[in-house]
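Whole structure, please, built from the sequences with the hints as guidance.
Sequence order for the protein chains is A and B. With this note's numbering applied, the first sequence corresponds to residues 1 to 257, in that order. With this note's numbering applied, the second sequence corresponds to residues 1 to 240, in that order.
Quick caveat, the hints were computed from the structure, so don't treat them as lab data. Where hints are given, some of them may not hold.
[To be verified] If we take Cβ atoms under 7 Å as the criterion, some of the chain B residues that face chain A in the derived model are:
1. 48
2. 50
3. 105
4. 135
5. 153
[Said to hold, decoys possible] Examples of chain B residues lying across from chain A (beta carbon under 7 Å, computed):
6. 73
7. 76
8. 77
9. 81
10. 85
11. 87
12. 89
13. 91
14. 101
15. 104
Just so you know, even glycine gets a beta-carbon here, dropped at the ideal spot from N, CA and C.
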Amino acid sequence: MDLAQTVALWRELMMSGDATWWQEFFVRFYQAFIEADRWQSYLEGVGITLLTTALALAIGVVLGVLVAMVRTAHDQQRIGRRKNPLLGIVNFIFKIYVTVIRGTPMMVQVLIMGLVIFKSSRNFTMVGALTLGINSGAYVSEIIRGGLMAVDGGQMEAGRSLGLNYLDTMRFIVVPQAIKAILPSLGNEFIILLKDTSLISIIGGQELVYFARNILNRTFDAMFPLIGAAVIYLILVIIFTWLLGKLERRLRQSDRR
Amino acid sequence: MIDVEHLSKSFGDNLVLDDLTEHIAEGEKVVIIGPSGSGKSTFLRCLNLLEIPTSGTITFDGTVITDPRVDIDGVRRKMGMVFQHFNLFPNMTIRKNITLAPVRTKLMSQQEADDAATALLRRVGLEDKADAYPAQLSGGQKQRIAIVRAMAMRPKVMLFDEPTSALDPEMVGEVLEVMKELAEEGMTMVVVTHEMGFAREVGTRVLFMDGGHILEQNEPHEFFAHPREQRTIDFLSKVL
Chain A
1 MDLAQTVALW
11 RELMMSGDAT
21 WWQEFFVRFY
31 QAFIEADRWQ
41 SYLEGVGITL
51 LTTALALAIG
61 VVLGVLVAMV
71 RTAHDQQRIG
81 RRKNPLLGIV
91 NFIFKIYVTV
101 IRGTPMMVQV
111 LIMGLVIFKS
121 SRNFTMVGAL
131 TLGINSGAYV
141 SEIIRGGLMA
151 VDGGQMEAGR
161 SLGLNYLDTM
171 RFIVVPQAIK
181 AILPSLGNEF
191 IILLKDTSLI
201 SIIGGQELVY
211 FARNILNRTF
221 DAMFPLIGAA
231 VIYLILVIIF
241 TWLLGKLERR
251 LRQSDRR
Chain B
1 MIDVEHLSKS
11 FGDNLVLDDL
21 TEHIAEGEKV
31 VIIGPSGSGK
41 STFLRCLNLL
51 EIPTSGTITF
61 DGTVITDPRV
71 DIDGVRRKMG
81 MVFQHFNLFP
91 NMTIRKNITL
101 APVRTKLMSQ
111 QEADDAATAL
121 LRRVGLEDKA
131 DAYPAQLSGG
141 QKQRIAIVRA
151 MAMRPKVMLF
161 DEPTSALDPE
171 MVGEVLEVMK
181 ELAEEGMTMV
191 VVTHEMGFAR
201 EVGTRVLFMD
211 GGHILEQNEP
221 HEFFAHPREQ
231 RTIDFLSKVL
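Pasting the structure below:
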């Protein structure tokens, strides 16, 4: 008797209420993950989830660095010296961006992007990644700005007094120190981002939760697909945390005495 | 070499430097002393525009550096600065601390800079620290490295902002020794310090500042032996 026949038999037992708990457990597990090669759906979902996270991460970091650099440069302008008007305008725009993104729920942003701004687009994954990236950029920029401000002002002075220009001093001296300081909060933000990709399923983004719900609708069993999805997220985050810990240890190299 | 004319600096309503005019010639070792809040550090920091003067002009090597159009990075390359808190870059090895600026500003190739760093480190007896990180060094070692780092840019003048004030007493000597050697080689130096012994021994001129003014100045031996102003006499009686 092969597996499919066994399960069919046990399913009948379940119907009549005669199945033992582990027979029922196995049948539900089987229909959630194995039947009709459904595990491939989860795998596909994980792929899309990771792709979305990576894209959103890239957009978020680029936006975040840009916003943080402009806002820091703006705030560091000397009192009494004429201000750069262009910097003032860009700073103002970025301030609005951060305020709007942080002031509205992510779910609403996803819906607006998917159903209003890109309503004719069928590429829900890309729209979702873009939304998440824009959202993440606002938070990342504040994290980076905090990190840049936390670096001792003497570092910038020392770099500039050696004749390095502002950008070189930022690039070689201030930013590397800031990155080390903000890595834990940045890692936190990335974990949030990874999990928030689940939100794009509401506009049709085909990531992990999307497939889990598909299977749920087909088998009428919510527990196994959802817990399965939860376990997969958990595993992804654990792997990510581990990688981050390794990176932190490497960056702490200069602290050894 | 440095001409300061009618230099004033205020932070908000607080006038820190009040119409200073001073000339520093090549090869001079000018020591600036005075009570805290007298404006001596601000004066020094104005010389390489770490502080932007509120009014007045500073001319360095024939260039009016207070002119907003001047390339300030270019000017700063010729003026080394040493800070009270060392301000070494903690994310880099000592070698990298020293070679970063000469290489990035295209003054030297990486190879030349590395060689220069080795030679400079040997001079201050720290060649074995080239691959260490700043966190692994003592305060005195850090400050000697900071001096070397500034020297690597081959500056024409060195500015010292209380270089020994953050050091344990036993480490002051090794830093002053390096500065003394520098002075003997003919480097133009402007030093804000509380080390009266150094002022007397190494300085060619002592400026006493108080309340944003240069109250009194003289050749060191005369200055310490016969201070003229009552404020100077009070100050010296407290620190000597």
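Grab the minimum C-beta distance from residue 105/B to chain A and call the hint holds if it beats 7 Å, violated otherwise. At about 5 Å, which falls below the 7 Å cut-off, the nearest Cβ of chain A leaves the hint on residue 105/B intact, so it holds.
Per the CB criterion, is residue 87/B less than 7 Å away from chain A? holds, 4 Å
Take the shortest C-beta to C-beta distance between residue 101/B and chain A; is it under 7 Å? holds, 4 Å
When the nearest CB of chain A is found for residue 91/B, is that gap smaller than 7 Å? The hint holds - residue 91/B has a Cβ within 7 Å of chain A, the shortest such distance being about 5 Å.
Hint validation: residue 81/B versus chain A, beta carbon distance must be below 7 Å. Holds or violated? Check passed: Cβ of residue 81/B comes within 4 Å of chain A, closer than 7 Å.
May I ask you to test the interface hint for residue 153/B with respect to chain A, counting a Cβ-Cβ separation under 7 Å as satisfied? Hint holds; residue 153/B Cβ to chain A Cβ min 6 Å, cut 7 Å.
Min Cβ distance, residue 89/B to chain A: is it shorter than 7 Å? Given a least distance of 5 Å, the restraint on residue 89/B holds.
When the least beta-carbon distance from residue 85/B to chain A is tested against 7 Å, hint result: holds, 6 Å
Tell me if the interface restraint on residue 77/B is satisfied: Cβ within less than 7 Å of some Cβ in chain A. holds, 3 Å
Cut-off 7 Å, beta-carbon criterion: hint that residue 48/B touches chain A: holds, 6 Å
Minimum Cβ distance from residue 50/B to chain A below 7 Å? Given a least distance of 6 Å, the restraint on residue 50/B holds.
Under the criterion of a CB-CB separation shorter than 7 Å, is residue 73/B in contact with chain A as hinted? At about 5 Å, which falls below the 7 Å cut-off, the nearest Cβ of chain A leaves the hint on residue 73/B intact, so it holds.
Comparing the model with each numbered hint stated earlier shows that all of them hold.
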